[in-house]
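Participant: Chain by chain, the residues run as shown.
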Amino acid sequence: MSKVDQLNTGRVGNVKILGRKILLSEFFVLYLTVFYLLVLFPFIPRVFSPYNIKNVLSNTWPLLVIAIGQTFVLITAGIDLSQTSVMALSSIFGAVIMTSEADPALLSKSPLWGIMLSDKGGLFAGTSAALPVGLLVMMAIGIMIGLINGFSVAKLRMPPFIVTLVSQMFFAAVAIWLSKSENIRHLPESFSRLGRGNFGPIPIALIIAVIIAVSAHLLMSRTLYGRRLYATGINPRAARISGVPTTKIIIAAYALSGFCAAVGGILYSARLEQGRPTLGNTLLLDIIGANVIGGISLAGGKGKVLWTVFGVVFFIFLSNTLNLLNLKFFVIDIVKGLVILLAAILDVVRSQLALRYSGGKV
Amino acid sequence: MKKILIFAIVAALIAPAVFANGGSDKADDGITIAFCFQDLETEFWVAGHSAITNTLEAQGIKVIEKNANEDANRQLEQVKDVIVQGVDGVIIIPQDGESAVTIAKECNSAGVPIGVFNRPPADKSADALVVVANNEAIAEQAVEYIAQEAMKLGRKVTPAIMVGDLGDPNAVGRRKGFYNVIDKYPDLWTGAPIEIPTKWDSNTALANLQSAMQANPDIDFLFTSSDFLYPVIKSVLAPLGKWQKIGDDSHILLAGLDGDKTACSLQKDGYVDATGVQDVYAEAQMLLDAMLAAIEKGEKTPNEWLYDDGFALTQANMGEREMDMWGCKILAGE
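Going line by line, the protein sequences match chains A and B. Numbering of the first sequence is given in my numbering, commencing with residue 1 and proceeding in unit increments. Numbering of the second sequence is given in my numbering, commencing with residue 1 and proceeding in unit increments.
It should be emphasised that the hints constitute simulated quantities derived from the structure, not laboratory data. Among the hints, a few may not be true.
[Stated by the list, open to error] Okay, the calculated beta carbon distance ranges per label pair: (1) A:I211 to B:N303: 35 to 41 Å; (2) A:G197 to B:P231: 42 to 48 Å; (3) B:M323 to A:W177: 43 to 49 Å; (4) B:M323 to A:L298: 58 to 64 Å; (5) B:Q285 to A:I334: 32 to 38 Å; (6) B:E195 to A:L224: 56 to 62 Å; (7) A:A354 to B:N303: 56 to 62 Å; (8) B:N303 to A:L218: 47 to 53 Å; (9) A:M116 to B:P231: 34 to 40 Å; (10) A:V349 to B:W305: 54 to 60 Å; (11) A:D119 to B:K234: 35 to 41 Å; (12) A:I115 to B:K300: 40 to 46 Å.
Predicted, not measured: the structure shown is a model, and the values here were computed from it. Glycine is no exception: its CB is placed at the ideal position from the N, C-alpha and C atoms.
Next comes chain A alone, as it looks inside the complex (with noise of 0.2 Å):
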């Protein structure tokens, strides 16, 4: 082989190398989200307007709060369906406490009417405690069917799907139910400001998911609980048999799991400025597809909130820059469905190859 040959196999050597770090970096989905965007950067330069990063980023924060309670669940191998119904009911539940008006004529066959509903308004209409105690409800909310959630799984044996796929339905249709279809407006500018609104010039909501994503982050990697966590997911069995008590750790996910969601529908109800009974009905393949895409593994045991941050951001820059492609809605969820479908296959794949590159030590 003369030295131009060794020369070149060595190169070929060397991109392969740079290809197989590339692919197994933790980094890996951030470095596909800028490979993404300069690709797409001449066809739609508005791309990286700030009004158009301002806009991405705004849409950003609660899908992120929302997933990284998903990642806890996914991280024990189970998943969580009812999320969207938890941040309808919070969102149903806040608005009732906080609204300062509601009229008889759409509301008045409520069940709550006469109860936390008047055509004054809710509980603590016009009172400077509606919004913490408004907060509060759906936080406590969210807990409490996410503890629900958790103890079915955990304590009654039940698959996660089936539990979470039934507490969806179940909650929504409380949801609905309550509110009798109808969105209640006239909330608390204080609660408003907390979608739209700036502190300074940092956004309220990106405040909040740096607060959650940050106590997330630690939560997961610098506590027992994290450690017990990766270990329940990754073998409940012998985690169970060292001493890991899988039973609480798992309701502490699945509650986890509701509080983020009832964060995410304050979020997102406060940027609508009214609660409404649908909330997040369609938010479902949103909130599992930034997980999964992240590289957060459904076989549980693996991921990181740093990866959901990363899924999240390629999830929601790709939803917008298809919306800048001028693509009809119904091509915008194949290409969405099909990416989320490629990042499951990619996962498989890269974590054989990171068994074959580590001597198969995992």
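Given chain A, work out where chain B should sit, using these hints.
Facilitator: For chain B alone, kept in the frame of chain A given last:
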């Protein structure tokens, strides 16, 4: 090093958003209008969609279409996305009156004129060009005709109304027009009208109409707040032997509102007594004229409510006014 790189990329992405003052960047020459609709589930919306897009395209105006698939949040995001594209105006068919307010405020803050087609905002807190039918007056005319027909029967009649989504001001107006006539002739009815919620959804309407007919088999006057529910009504009444033509003893007095092709066909065949008609083509034209005038003048937040007075097509005036109803025009292939 990796962490610094990641931090740099994320910071680069966030920085413009934090320091941006809003506004969009217009790139294309010529006028571009975004048409964002919640879905096209009824003949009325399909006809409105065609009228708007065809008229705009005929004038050489670029139209960007977005379908929110009945999701208010998605529609808000779509409107934000089209603002980014530097459109000159946005026309929406909102999911409901409440979300119309939120979306109109978004357009107001971006300085993009917004037009709301046929489903008006729940309040006037945001500036918008709104075209809306005078639902109350139109419903009143159609129900008045039914009341006159009911008087000819020489007995009391049991009325029922299929109510739309009361979060939609259109449904509220139609219900009000119905009750105006009910209250006008208190001795004509056996009792208070039976309300059948539909939420503008065929499945909901079907279930609730079936229950209402089981509980109140004596219903002999039915007003549907939208013509798109006629197939549902037929599927419930036919097995009960109550889907009969005018003149039959089992005929239920039927009236609706919209003026679509199905209603025209049923009225011609003698099943439907009266139809409140909103003129979809005139409404589309009114909105587009106002929108294009605002764009021409450089108005960023035009604010005007435009009304379609409509009329009632009845069995009595079919001969003269049939072709004034847009559904009959479609039926005739115009």
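Participant: If you check each hint against the structure, which ones fail?
Facilitator: Nothing - there is no hint that the structure violates, so all of them hold.
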